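Colleague: Assemble the whole structure, with the sequences as input and the hints as a guide.
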Amino acid sequence: MNWSLIFFNSIYTAISAASAGYCLIAVGLNVHAGYTGLLNFGQAGFAAIGAYALAVPIVEFGWPWWLALIVVLVCSVLFAVLLGLPTLRLRADYLAIVTIAAAEIIRIVLRSVRFTWLTGGSDGVNGFTSTFEGWNRDYFFGDRIFKFGAQSIDGYRLFMMLVGWLLVAIVSFLLWRLMRSPWGRVLRSIREDEDAARSLGKNVFAFKMQSLVLGGVIGSIGGVVFALQQQSAQSDQFRTNLTFFAYTIVVLGGLARILGPIAGTLIFYFVMQLTDNLLDQATRNETLPTWLVDSGNYAQVKFIVAGIGLSLLVIFRPQGIFGDRKEQAFDVR
Amino acid sequence: MLVGFSLFAGLLAAGAGPAHAADEYLIIAKVFNRTTDENGKDIRVPVAEVEIIVSLVGGDEVARGVTDASGSFTATVVEKGAYLVEINTEALPAGIVVDAASGVSKEVEVGSGVVVGGVASKTVNLFVGESTRETKSKWSLLPQALANGIILAAIIAICSVGLSLIYGTTGLSNFGHGELVTIGAVFTWLFNQRLGNWGLIPSAIAGIACCSLASGGLERGVWRPLRRRGTSLTSMMVVSIGLALSARYVVQFFLGGGDVFFAIGTQQPVDLGLVKLTPRSLAIIGVTFAVLIIVALFLLKARFGKAIRAVSDNPDLASATGINTDRVILIVWLLGGALAGLGGVFYGLEFGVSWDMGNLLLLLMFAAITLGGLGNAFGALLGSLIIGVFVELWAWAATPDLKTVGALIALIVLLLVRPQGLLGRKERLG
Amino acid sequence: MSDSPIDYILEANAVRRTFGGLTAVDVEHLQVQRNKITALIGPNGAGKTTFFNLLTGFDEPNQGNWTFDGHDMQGIAPHVAARMGMVRTFQLTKALSRMSVMENMLLGASGQKGERFFAGFGGGWRQQERENATRAEGLLDRFKLAHMRDELAGGLSGGQRKLLEMARALMTEPKMVMLDEPMAGVNPALKQSLLEHIKLLRDEGRTVLFVEHDMDMVREISDWVVVMAEGQVIAQGTADEIGADQRVIDAYLGARHDIDLGGGQ
Numbered sequence: 001m002n003w004s005l006i007f008f009n010s011i012y013t014a015i016s017a018a019s020a021g022y023c024l025i026a027v028g029l030n031v032h033a034g035y036t037g038l039l040n041f042g043q044a045g046f047a048a049i050g051a052y053a054l055a056v057p058i059v060e061f062g063w064p065w066w067l068a069l070i071v072v073l074v075c076s077v078l079f080a081v082l083l084g085l086p087t088l089r090l091r092a093d094y095l096a097i098v099t100i101a102a103a104e105i106i107r108i109v110l111r112s113v114r115f116t117w118l119t120g121g122s123d124g125v126n127g128f129t130s131t132f133e134g135w136n137r138d139y140f141f142g143d144r145i146f147k148f149g150a151q152s153i154d155g156y157r158l159f160m161m162l163v164g165w166l167l168v169a170i171v172s173f174l175l176w177r178l179m180r181s182p183w184g185r186v187l188r189s190i191r192e193d194e195d196a197a198r199s200l201g202k203n204v205f206a207f208k209m210q211s212l213v214l215g216g217v218i219g220s221i222g223g224v225v226f227a228l229q230q231q232s233a234q235s236d237q238f239r240t241n242l243t244f245f246a247y248t249i250v251v252l253g254g255l256a257r258i259l260g261p262i263a264g265t266l267i268f269y270f271v272m273q274l275t276d277n278l279l280d281q282a283t284r285n286e287t288l289p290t291w292l293v294d295s296g297n298y299a300q301v302k303f304i305v306a307g308i309g310l311s312l313l314v315i316f317r318p319q320g321i322f323g324d325r326k327e328q329a330f331d332v333r
Numbered sequence: 001m002l003v004g005f006s007l008f009a010g011l012l013a014a015g016a017g018p019a020h021a022a023d024e025y026l027i028i029a030k031v032f033n034r035t036t037d038e039n040g041k042d043i044r045v046p047v048a049e050v051e052i053i054v055s056l057v058g059g060d061e062v063a064r065g066v067t068d069a070s071g072s073f074t075a076t077v078v079e080k081g082a083y084l085v086e087i088n089t090e091a092l093p094a095g096i097v098v099d100a101a102s103g104v105s106k107e108v109e110v111g112s113g114v115v116v117g118g119v120a121s122k123t124v125n126l127f128v129g130e131s132t133r134e135t136k137s138k139w140s141l142l143p144q145a146l147a148n149g150i151i152l153a154a155i156i157a158i159c160s161v162g163l164s165l166i167y168g169t170t171g172l173s174n175f176g177h178g179e180l181v182t183i184g185a186v187f188t189w190l191f192n193q194r195l196g197n198w199g200l201i202p203s204a205i206a207g208i209a210c211c212s213l214a215s216g217g218l219e220r221g222v223w224r225p226l227r228r229r230g231t232s233l234t235s236m237m238v239v240s241i242g243l244a245l246s247a248r249y250v251v252q253f254f255l256g257g258g259d260v261f262f263a264i265g266t267q268q269p270v271d272l273g274l275v276k277l278t279p280r281s282l283a284i285i286g287v288t289f290a291v292l293i294i295v296a297l298f299l300l301k302a303r304f305g306k307a308i309r310a311v312s313d314n315p316d317l318a319s320a321t322g323i324n325t326d327r328v329i330l331i332v333w334l335l336g337g338a339l340a341g342l343g344g345v346f347y348g349l350e351f352g353v354s355w356d357m358g359n360l361l362l363l364l365m366f367a368a369i370t371l372g373g374l375g376n377a378f379g380a381l382l383g384s385l386i387i388g389v390f391v392e393l394w395a396w397a398a399t400p401d402l403k404t405v406g407a408l409i410a411l412i413v414l415l416l417v418r419p420q421g422l423l424g425r426k427e428r429l430g
Numbered sequence: 001m002s003d004s005p006i007d008y009i010l011e012a013n014a015v016r017r018t019f020g021g022l023t024a025v026d027v028e029h030l031q032v033q034r035n036k037i038t039a040l041i042g043p044n045g046a047g048k049t050t051f052f053n054l055l056t057g058f059d060e061p062n063q064g065n066w067t068f069d070g071h072d073m074q075g076i077a078p079h080v081a082a083r084m085g086m087v088r089t090f091q092l093t094k095a096l097s098r099m100s101v102m103e104n105m106l107l108g109a110s111g112q113k114g115e116r117f118f119a120g121f122g123g124g125w126r127q128q129e130r131e132n133a134t135r136a137e138g139l140l141d142r143f144k145l146a147h148m149r150d151e152l153a154g155g156l157s158g159g160q161r162k163l164l165e166m167a168r169a170l171m172t173e174p175k176m177v178m179l180d181e182p183m184a185g186v187n188p189a190l191k192q193s194l195l196e197h198i199k200l201l202r203d204e205g206r207t208v209l210f211v212e213h214d215m216d217m218v219r220e221i222s223d224w225v226v227v228m229a230e231g232q233v234i235a236q237g238t239a240d241e242i243g244a245d246q247r248v249i250d251a252y253l254g255a256r257h258d259i260d261l262g263g264g265q
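Order-wise, the sequence lines are chains A, B and C. Just so you know, we're using our numbering here: the first sequence kicks off at 1 and counts up by one. Just so you know, we're using our numbering here: the second sequence kicks off at 1 and counts up by one. Just so you know, we're using our numbering here: the third sequence kicks off at 1 and counts up by one.
Check each hint, because a few of them may be wrong.
What the hints assert, rightly or not - In silico EDC-like pairs for lysine to aspartate or glutamate, Cα to Cα no more than 20 Å straight-line:
| # | chain 1 | residue 1 | chain 2 | residue 2 |
| --- | --- | --- | --- | --- |
| 1 | C | LYS175 | C | GLU11 |
| 2 | B | LYS403 | A | ASP236 |
| 3 | C | LYS36 | C | GLU220 |
| 4 | B | LYS306 | B | ASP326 |
| 5 | B | LYS80 | A | ASP123 |
| 6 | B | LYS403 | A | GLU104 |
| 7 | C | LYS191 | C | ASP216 |
| 8 | B | LYS80 | A | ASP154 |
| 9 | B | LYS276 | B | GLU350 |
| 10 | B | LYS80 | A | ASP143 |
| 11 | B | LYS106 | B | GLU90 |
| 12 | B | LYS306 | B | ASP316 |
| 13 | B | LYS301 | B | ASP313 |
| 14 | C | LYS36 | C | ASP250 |
| 15 | B | LYS106 | A | ASP123 |
| 16 | C | LYS191 | C | ASP203 |
| 17 | C | LYS36 | C | GLU241 |
| 18 | C | LYS191 | C | GLU181 |
| 19 | C | LYS36 | C | GLU196 |
| 20 | C | LYS36 | C | GLU11 |
| 21 | B | LYS80 | A | GLU133 |
What the hints assert, rightly or not - Taking beta-carbon pairs under 7 Å as the criterion, some of the chain C residues facing chain A (in silico):
| # | residue |
| --- | --- |
| 22 | GLY75 |
| 23 | HIS79 |
| 24 | ARG83 |
| 25 | ARG88 |
| 26 | LEU92 |
| 27 | LYS94 |
| 28 | LEU107 |
| 29 | GLY108 |
| 30 | GLU115 |
| 31 | PHE117 |
| 32 | PHE121 |
What the hints assert, rightly or not - Sample of chain A residues lacking proximity to chain B, with all beta carbon distances greater than 12 Å (derived):
| # | residue |
| --- | --- |
| 33 | LEU78 |
| 34 | ILE108 |
| 35 | ARG137 |
Hints were generated in silico from the structure; no laboratory data involved. Keep in mind it's a predicted model, so treat the numbers as computed, not measured. Even for Gly, the Cβ is constructed at its ideal location relative to N, Cα and C.
Modeller: What follows is the structure in structure tokens.
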């Protein structure tokens, strides 16, 4: 067992740009579910929109990167508004189901045969990262390969790591300011009790919509970072599982805590990759009996761990890492 | 009949080669024969014994082998770059024909991904070949689409009645209900194909019983203690999501990623004039109808059925009148699990058994009971009918790969105008 | 009879609310005088809270119209009604449990610049926040909650939560305060000071409409009493007139035999 490689690869994965993208998706979800109490189960849809809204204009229409980013912004705001108008007046259970439905609609449409001319169908879209690769080549790390212990990292990935986590830091800082303001206070009051907020003159629907838009845009930015790292936008990356793992991350870190999603993402990715690497090596070296697990099915173990982990977290430590025991995860009513 | 096939090449990139110094990548080629089944539906059947050649684009051959029983062949390569995956047309198994108008190969790019929480595959699809359905006129296929819709509606209905009853009596949106469907189907398949060689009906009875017990065990072991602790409904919903996730991957762990089928032999469709249905499809519709009537009578007339409805309406009042709510809830879970298991058997008969069959169905189930009105079992039936028929009609009218989209949009639009669903009670909603 | 025109802040006409076959509220005509304390009493299930919900926009009537401070109110959203000065509390207190007492209070302040989305990024709201905080401290002092200012509201006792809800409502500078059973669950020692608070509201120029079962309290501070039973207004008058009204006694005795309309309860 090559412990060095297992260890360094797991850490690398936890701090990679893909992880940063995931973190932003979780940060957006934290705005929805953590601060406002909106059970948005369609966050994967926002991420998918971010990835495709970046990739398609660049590849299909030849637009410059900054114009594509504007498209990302417009599309995610549009999706948030279209999602919010029917759903924000619904009860929590209805909201969860409908948001999943909306994200699935997005995913199915993006991968459908009918729209292959625009979205590449189930192949997705590639080849939109040349500008960013150019930046890396000219101003940053170029084509060098870096060594992180036993793990090799190429220049572009290192560059994206920098960009990704820088975005996480900026977004988190802005959110921190925002949530300490009266606006953030109203959001939290909506999470506690909407009617109380209404009785004090707050337009609950408008605030919920603003929260949905904010968290959704952040989620889309996460999708952008993710796609830049993978160098592809592909709808199967954005299944409902993504949203469930984002919830795991948010609960793990602590709902309504700025540092929550960051800590949650790092730990989640590390544990997932560690599980994978351990089993990968164990099955190759046949350390474990092959009737139990082999190279064909070890990949499922980490998901099994994640699912049980989420359940145990919610039951036994709903406040996560940074939360307060007095404040539990989901509504206390 | 065998007109074409499709070729799938997926790839898994290991972020770093573990035991070896160099990096290793996997290219998985899957060969399917695209054809139509007795009901006129498009299906993909995996094809074994097809020889695959993997070579570097513009370079040498790197790997060669034949597809296994599940139609897939895995090649290991060590270099990043572009590869060509193609079928050796000179060594096709007997009876398999290539469609010259479509391609026999596909290029794939290896090494530009990173293992990211397990989502490392880049899937490249190549659709080749046409089905024979194109020659029939669209309108003549409408009755068949309706019939398919009713079959789907029957399956959704059987599965979602339990979901609706659970929601009604405990308030829990059970995201694990899809997995109960899968478990029922998987257990049935185990008895049918692996653990024994039983016929379909004994396997089904055993499979449904196992599923029901699992469901009841879940209530006793997880939900009841959580209710005692005062866990909020939202937290329980998230717990059900976590458990469902794990269960799904446990099934995949043992079953693999492909479809398996019950051993019932091929059936000749019965010509009913406008539509053709196999005996098993007719059985599904018939049994569903009978079971739903029994369940409806049970809820309306039987003492225990009334108790269930009382607990759904008002748990505190029900327990104040002496009803043992915990026992009622346990029976609801046992019943719901049994019904889901039965639905799983039906789904397996129609579409095959796979690890994510429940997940696919779950969204439709939720759409059905939300459409019909949460907490109302009869609403669940109405919603299932609408969703099932809508899905198939949409598939008939538009592209088949968008067929769930229509139903989901219909759900959203309906909730816009009637937030409590069709038969739901109009209480304070938001 | 007074000759000067009576100033009514609230006038309601033909307000009906039915649930299925049941008529919860059926108020032909109701007027609430400005700057007075009006009590709304009646047996449980009389429709008092439902009526509150209808007036403040938390529920929609099947028919009816009402005006507040001269404005037509039907179809108005609850938060708009609140901004117009019609602020209510709830029978089951809605203290925002995971927020501190001070945050609860600050939430009540109206017209906060900092509540706009983009204002949150900057800092221009801090001055107003300080002013609001000072006002909140004053109110908390008044209600003897100042020492709990940084506690999470979920940690307060039932009676303290009631006080918080009342104090919070006052932060909005309401024209009319609608209290839904303000005395329920309050420590008897606090009740007297609570009565003083409510009288102070009137002296400050506000109108008070409250639902209560505690007849002592009703006697002590109400300028006017409205009695509801089975959704309808069956009697109106001063507390003494009501206590002697046979219809009222019947309504209460018909529903419950143990309500003491006389002295101590």
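Colleague: Okay, which hints does this one fail, numbers in order?
Modeller: As far as the earlier hints go, 14, 22, 26, 34 are violated by this structure, in ascending order.
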